[in-house]
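There are 2 protein chains.
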Amino acid sequence: MFPKPPITPPPEHPRLFFRKRHLPELKAKTTHPELKQAWERLIGYSRFGVEEANAEHCPGDVYVIEANALLYALLDDRGAGLKAKRLALSAITKPFNPNYQDISREIGRLMLAGAVVYDWCHDLVTAEEKTFLIRHFKRLAGLLECGYPPVKEGAFVGHSCEWMIQRDMLGTGIAIYDEDPEMYDLAAGRFFDQMVPARNFFYPSGWHHQGDAYGGVRFQGELFPTWMFDRMGFGNVYDPSQREVGYQWIYTRRPDGKLLRDGDTPPPMPNQTKYTRLHFLYLMLGSYYKDPYFVCQRRKDEGRLHDKDVLFAFLFADPDAAAKPLDELPLTRYFGAPTGAMVARTGWDEGIDAKTVVAEMKVGMYQYNNHQHLDAGAFQLYYKGNLAIDSGSYKGSSGKYHSPHNKYYFKRSIAHNTILVYDPDELTKHPYVKDGGLVWPNVNDGGQRWPNEGRPPLTLHDLLNKDFRRGDVLAYDFGPDKFKPDYSYMKGDITAAYSDKMKQFQRSFLFLNFKNDDHPAALIVFDRVVSANPDFRKYWLLHSIEEPRIEDGRTIVSRGEDGYNGQLVNDTLLPERSNRHIEKVGGPDKPYWVFGTNFVNDYPGTKEQGEWRIELSPREPSALDLFLNVMQVKDIDGPAALDTYKVEGRTFVGAAIGDWVVLFAKSGERLAEDTELPNVPNAAYRAGRTLNVIVTDLAAGVWTAEERSGGADQAGASRQPRHAGDFEASAEGGLICLRGADPAATIVLRYKGAADERRAEREGAR
Amino acid sequence: MFPKPPITPPPEHPRLFFRKRHLPELKAKTTHPELKQAWERLIGYSRFGVEEANAEHCPGDVYVIEANALLYALLDDRGAGLKAKRLALSAITKPFNPNYQDISREIGRLMLAGAVVYDWCHDLVTAEEKTFLIRHFKRLAGLLECGYPPVKEGAFVGHSCEWMIQRDMLGTGIAIYDEDPEMYDLAAGRFFDQMVPARNFFYPSGWHHQGDAYGGVRFQGELFPTWMFDRMGFGNVYDPSQREVGYQWIYTRRPDGKLLRDGDTPPPMPNQTKYTRLHFLYLMLGSYYKDPYFVCQRRKDEGRLHDKDVLFAFLFADPDAAAKPLDELPLTRYFGAPTGAMVARTGWDEGIDAKTVVAEMKVGMYQYNNHQHLDAGAFQLYYKGNLAIDSGSYKGSSGKYHSPHNKYYFKRSIAHNTILVYDPDELTKHPYVKDGGLVWPNVNDGGQRWPNEGRPPLTLHDLLNKDFRRGDVLAYDFGPDKFKPDYSYMKGDITAAYSDKMKQFQRSFLFLNFKNDDHPAALIVFDRVVSANPDFRKYWLLHSIEEPRIEDGRTIVSRGEDGYNGQLVNDTLLPERSNRHIEKVGGPDKPYWVFGTNFVNDYPGTKEQGEWRIELSPREPSALDLFLNVMQVKDIDGPAALDTYKVEGRTFVGAAIGDWVVLFAKSGERLAEDTELPNVPNAAYRAGRTLNVIVTDLAAGVWTAEERSGGADQAGASRQPRHAGDFEASAEGGLICLRGADPAATIVLRYKGAADERRAEREGAR
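Protein chains in written order, with the working numbering: chain A, 286 to 1051; chain B, 286 to 1051.
In isolation and in its complexed conformation, chain A is listed as follows (with noise of 0.2 angstroms):
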């Protein structure tokens, strides 16, 4: 089935969660303050009698058989041992619907429960009583949804990627291992053969795939064999980059205390600022890692455990590791291949009225299905409020998994501050999308194709050699402060996101920045977008929780309600005026308007799913559009927005923003030759003021800049030409800043070849 598993459990008991080693640690945990409401609640599971563990005031007997097998475990404390025996021996016989929707969580917990008496207790449990409870283990393995032997669903997503083999089978199979080694030589060997390569693959991003609400589920569910293998002796059995998985939920944190929204997720509610599951999550990372970052969000986390965290809580807490505070971290986080993301924050202060800027950048390698959403190129900003957000729900009855709301609007491309291209017969091309053995009938929402008609990678090899890339990333940079830089910038080639219906589509995303209260940061996005057929019509997304204002080009997205006072201001650039049209869609009766349907969400509590969109989109048929949109962030009620200028010369287009000029080559290559840069208009000029000058787009290697006055000089001045520096472009990073240029000069970059090249000449020239 499974090649055999690299390593089997050492011959004694107990073995599984701990070892006779750990012991002294674990009672020393019993009087550690850090651990007095998780001791504290084990000791209240195991007070609830016989007859009470199936009432509505117990949490459950599950836990009940879990603490008194600790308290013989720990404590020797026999009759403990024997109730939590006697609590296992009736529970394992229970029925089980296994129709239930996600009933495979409680049938694995109950397998747990009775492989933590069997290995616990072990001299407790009979001979014959060990026989009774493998044969009911075997038959609750056979409820599960990955089968028993454990072969259904993938390795990437799905339930299977939770506890049902990650914990329940595999901790099953390590407390019976020596008197039938089949289930642990299947769980294991299943996760070593599938589970360990699929996870090393992604985890050197630092970003789960499955988002922020299942992301964390699923993570946490992979950090089981962590703890299980080690604490068996074998040291960690992924690469170490798993750690790095736990940066996304700490830069992605709002100010207001939530998350920004990734994949199939409930809206956060209102009065939502923690986050148990993280909490539970960065207590097993961070005690794991010794993370201090990790340990100070799990403080900032705390709150009361849920029931099926305590006892894991308690025996994988590190109470005594150290934290350091999270304005420690560099504010630009850049998250990898195979994910490609980047968020760029200003600060880490905290509160609705926090003037910390949060912009996430997604260009998305990878399309993995399950909970992960059509989501390539997609940006969100935050500043007192979330402004430009990603749309949709996962709650309630008409927003679950499968609900037309979930398939047709939340994971489609329409939903995110994307791109789409309608290709009014892509129906034709794309009838349906498939997922778990269904095949539904397809929604043109103009956006990104389903790899995989729609179902999931089930193995590392499937995910390397189907139709899961959907994007690379062409450049990324951040400086010049690595630790608070002024700008962030990622380019990425979305194109394999979509169906032929699109010939190109790249995106760059440059966050500036200012370093100013009342201007404190900008997003630019520009975007060369070219479709296979000129009448395909194209539209740029920006999502939004109110309504927003259009004033010709420029589109103001307030977050006023609820507290908030924060404000977007996106100016468009391009398409010129004359070959634009911004319409706003959403509203009461249409907040999740697909072409013409409203697919339906109606869980009320909370106005953050959004209701609002507007879609720019070309009036002009054409193959080739360019879109260049700046959006400021500032306060409701501070100062007006800063004017924007777009500047444009043959080979470069950009903006003026404030003292900052950010160009983009309009060709989407990466130039390698002397150019001249385009001239700022006179109107964003500001008396004394030099200007700050990105220029994207160019080859690795080393720029000299000269600056020439412009135009008929009248006062006569000298026009030499001014040496305005040496500027490298790093290949990851293709972009170069001048600070100080002189707004009225014209500049001219000439390309001194690659760096390496350079420092050769140089040295040669010694």
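FYI, nobody ran anything at the bench for these hints, they're computed from the structure.
It is possible that part of the hints are untrue.
Heads up, the list lumps identical chains together, so a pair's fine if it works in one copy or across two of them.
Stated by the list, open to error - Pairs of lysine-lysine, DSSO-like flavour, derived with a Cα cap of 30 angstroms:
| no. | residue 1 | residue 2 |
| --- | --- | --- |
| 1 | Lys609 | Lys575 |
| 2 | Lys680 | Lys423 |
| 3 | Lys875 | Lys719 |
| 4 | Lys788 | Lys931 |
Only a predicted model underlies this, so the values are computations on that prediction, with no experimental measurement involved.
Given the structure of chain A, go ahead and fit chain B onto it with the hints provided.
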């Protein structure tokens, strides 16, 4: 909320399901041999220990509770009563996950078990315990899908029409009425205000719209109030036509023991010939109405009762009710308004080799949605195997409610033997389907529209005032012998079932019982279809289990696998050969093909869900098309099929088969003027045989037939017309049948006016 119920529980205990006065009768049942199985199983339930009640080997704590309570009520077994109470007080505190599908069935049954203890063991329950139970009854009621107060869902369909209101909430309300009348007032209030009028509307048709699977389930739920109010002393709270509904599953029973399919239903399994569900239904219905045919059907279906039914089987069975054999029943039954369906049989013999033919013809006047299909106009035909079938499956994860197979194939017209009219623009006009708070994209199957956009009617007022009407019966008749008719006829106007793409769809069904073992029967279907646009392609569908063979205008469907030996031979007489295209669609790769997408269903185990169909279409665009198909049945290895002939004149068109000629008006209108019938082609004569001519579409009244010898008479015989008789066409039927007509003669019909006018005339002449 709802009007106060007109009747209230009598002031005594017990009163739930029985009163003191019923005790002798119930006690007598404990020793009645007919109820041995039920009583012994109740005793068996009662013996499970308190600690076993939740184990896998116990059918459920609720049965242990109820059985012990019964032992107290019936036999004064105090120990059993106290055990029932102890278990009930503990079980009633159970938590439930309301997100689990159909969990309301479990919650309701637990309420009922508690109510049974409350009522039957009333003097063992202290006032404090009563308060405790009532609190939990209300807690549990609040978890039910219908809500508490029970305002959710509708009065016709859905889970609210199962047991949760009509048995569990009502029963609990009855038990606690003296201490707390609220629950009774709500449950009985809604029942009398909404459920009773809705049911009294459709009961007279003797047909349950929710089909052969859900119809039985829901109808069984509806029978609980019948019994519960009657046992309290109030007689029948419904219209007594409730009884008629029982005939649906007697007439639609196939000789091989399975049911003709209707609505959401699993395909019958090869070994399935008994229906314990229907067994229990006929027990409740037959015992109440003392209907001897239901008693007979119950005995045929006898088998092991489901655990959930055992108590009620014991309480409600009338072990002395007399049976009568089904073959005393007329072979044809018309299920009138507001259904409009007819089942014509040729006998009642049983077994896979039985000679009985069963034809179902459905107009279907109302569409209630939920589990009902868009199948107006559909027919089914069984002979030694299912030949013209209702296709698709409700089984498996790929076939359940809201699955694409269910929503886009199984429920739709395309899965049924009716007519499609393909408007390529349909989705623009009807882009979605709504159901249960969800909006789904629509799929164009060319079929019938969803009334109320897909949502069910909530009340009778809703049904009558929205667009749920989908057809009308224009005529029906069978005879001449009403017990063993030669012909069974129904004609419907099914235009309203479609969107405005359909201008007229009239379908005439004429089933001929040849009373001949070689050629047992034929079903002739004549359609008059007028589309709004001549370019809308029309499809006449015939679904089959095995692959059909097409030989020019003849389609042969065999059912030769799995031990069957039946064959259907369909001759397409219209459209004409030059203007028709017959295509075979299906097979393993596209059994559920809907214009480009196969909506998979992968449930194995039977072939009854079908895999094939033919699509018969006119080649030339035309607003009006006539379809005339003659389907005869025979043994696969029997003699050659009968030849069939089109018979067409100016006014009528029809078919000749064997000794029969059947004519339909080409105009679709009822004729009220003298007319010459078309001659039968020479090839259709058989020496020495006369013909039986059925003329449909005639105005009600008396018609005189004259026979004129045809053409040049070689023998020079008299051409004087021969008076062939006076025939009366009824208002309902509009049909006459001329027996022993001279095949060579031309028949002229003369209309003598409405029958009562004629009678008045005759009486006046006397």
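Comparing the hints with the structure gives:
1. Lys609 x Lys575: within (11 angstroms within a copy, 82 angstroms between copies)
2. Lys680 x Lys423: Between copies only: 26 angstroms across chains, 34 angstroms inside a chain, cut-off 30 angstroms.
3. Lys875 x Lys719: Result: close both inside a copy and across copies, 26 angstroms intra and 15 angstroms inter.
4. Lys788 x Lys931: Within one copy only: 26 angstroms inside a chain, 59 angstroms across chains, cut-off 30 angstroms.
In this structure, none of the earlier numbered hints is contradicted; all agree with it.
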